[in-house]
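*Asks:* The lines below spell out each chain.
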Amino acid sequence: MVLLEFCEWLAGTAWSIALHESLYMYPLVESTHVLALCLFVGTLVIVDLRLLGVVFRRVPVSEVNARTLPWTVTGFVVMVVTGLLLFYAIPVRTYQSIWFRAKVVLLVVAGINAWLLHRRVSRDRASWDRAAVPPKAARVSAAVSLSVWAGVIVMGRMIAYNWFDCDHQPQSDFVNWAAGCVITLSEAP
Amino acid sequence: MTLLEAFDWLETTGLGAAIRNSTWLFPAVEAVHLIALASLGGAVFALDLRLLGFGLRSQPVAEVAGNVRLWFAVSLGAMFATGVPLFVSEAVKCYWSTSFWVKMSALATATVFVLCVRNPIARAQADHAAERAWTNRLVGAVSLGLWFTVAAAGRWIGFS
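Taken in order, these protein sequences are the chains called P and X. Going letter by letter, the first sequence gives residues 0 to 188 in numbering that gives the first Met the number 0. Going letter by letter, the second sequence gives residues 0 to 159 in numbering that gives the first Met the number 0.
It should be emphasised that the hints constitute simulated quantities derived from the structure, not laboratory data. Owing to the predicted nature of the structure, the values given are computational and were not obtained by experimental measurement. Using N, Cα and C, we set each Cβ at its ideal position, and we do this for glycine too. Be aware that one or more of the hints could be misleading.
Unchecked claim - Okay, the calculated beta carbon distance ranges per label pair:
id	chain 1	residue 1	chain 2	residue 2	range
1	X	SER104	P	VAL76	27 to 33 Å
2	X	SER104	P	LEU83	32 to 38 Å
3	P	VAL108	X	PHE53	29 to 35 Å
4	P	TRP14	X	THR134	43 to 49 Å
Said to hold, decoys possible - Footprint (simulated), chain P over chain X, 3 or more residues, beta carbon under 8 Å:
id	segment
5	19-29
6	42-56
7	66-80
8	147-157
Based on the provided sequences and hints, a complete structural model is requested.
*Replies:* What follows is the structure, given as structure tokens:
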């Protein structure tokens, strides 16, 4: 409820309304968000395919990471900045979107997976840095990464569709619960 | 049969009608189109960054080109496999969309440029002694510019 009130307050700020109603700024921010995907997820695919032993098998994993991940981080920063702006433009509807909520969950999963790869799987990396095909733990981590980010892309795209929006009642109890819809008496079944 | 009539006919085909009459099909195919875009972006960046003097600089250009070859082809294939159904479902809208024609022109140019100019030049540089730094920078910049145009114009089809 506190978050919903915060989103409602955000939606009333002048810059949020300006961005929401702008003819070109919103599409430009949205397009930058989509195109930065190529840089962010694209370069992540390079790193993950190396961990799976699919590409650059003769290049040490550490070298592929060092030469690629700075680009991934750059792409990630662009994704976060444009993503926050997109949320800021349409806060309440986005907050109450089941797709957005699923996307946030998947982002957390991707973060935990990256943290585990960094802290656990890579601890003995020196012993398999030059291996054409890294050990199973590393491959599982890369496969999870690719799958979860693909899921993030799908969820992100679906936010645009209003099938499960709170103002499209009646919805199933599950949707209303997952989206955090506030049902007024007149809408109640 | 004019081009517009042909596009109009495409929409009436089973594939076009099935996607248009379904709530979920267009978004689902489009989401896969986006996943393929990210993968294609990786394959393009891997070689073009190397050509521009970034990325895997320790590797000969030909080595990088060889590594991304299949990955690029699979990603582009997935883009076509998902892009064609999207187009067929709204061919007449595309006919009147400037973004669509910009995208298709850039796509044709980018594909020909990659297959006939970039890849042969990259494959010829089997070791660092054969490296042509300035040619590579130009080729990498042109390739990135073309693919950027394809992606940006492609996104803009949705805004019209």
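*Asks:* Of the numbered hints stated earlier in the document, which are not met by this structure?
*Replies:* Structure breaks no hint.
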